[in-house]
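Novice: Sequence:
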Amino acid sequence: MAELVVLYKTPKDAAAFDKHYAETHIPLAKKLPGLKNYAVSTGAVGSPAGPSGIHLVAILTFDSVGDIQKAFGSEAGKAAAGDVSKFASGGADLLIFDTKDV
1 MAELVVLYKT PKDAAAFDKH YAETHIPLAK KLPGLKNYAV STGAVGSPAG
51 PSGIHLVAIL TFDSVGDIQK AFGSEAGKAA AGDVSKFASG GADLLIFDTK
101 DV
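Just so we're aligned, residue 1 is where the sequence shown starts under UniProt numbering, counting upward by one.
Since the hints were made in silico from the structure, they are not lab data.
Simulated crosslink set (DSS-like; lysine-lysine; CA at most 30 Å straight-line):
| id | residue 1 | residue 2 |
| --- | --- | --- |
| 1 | K19 | K78 |
| 2 | K86 | K70 |
| 3 | K9 | K78 |
Using the sequences provided together with the hints, build the complete structure.
Specialist: The following block contains the structure:
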């Protein structure tokens, strides 16, 4: 399996972020071809040291890194990627990697 983890940093307007993410971005992202699972954090995102500066974590699961790359080359992927700048005023870090059970 492979994961795309998106770390959305604290936005200027958390309520506007949450509204856009729920009503617009999630429906766009759910159209990504090859998407197997889509999970998001709930509540505060902390660290062992306390507050993290991260507002929301999204974890999207695919069969392979190649499938993630194909998904973002698709029209649905371009639409989802293009939407991020419309609500993620704090910025976002995207991490892509293969996983294995240990």
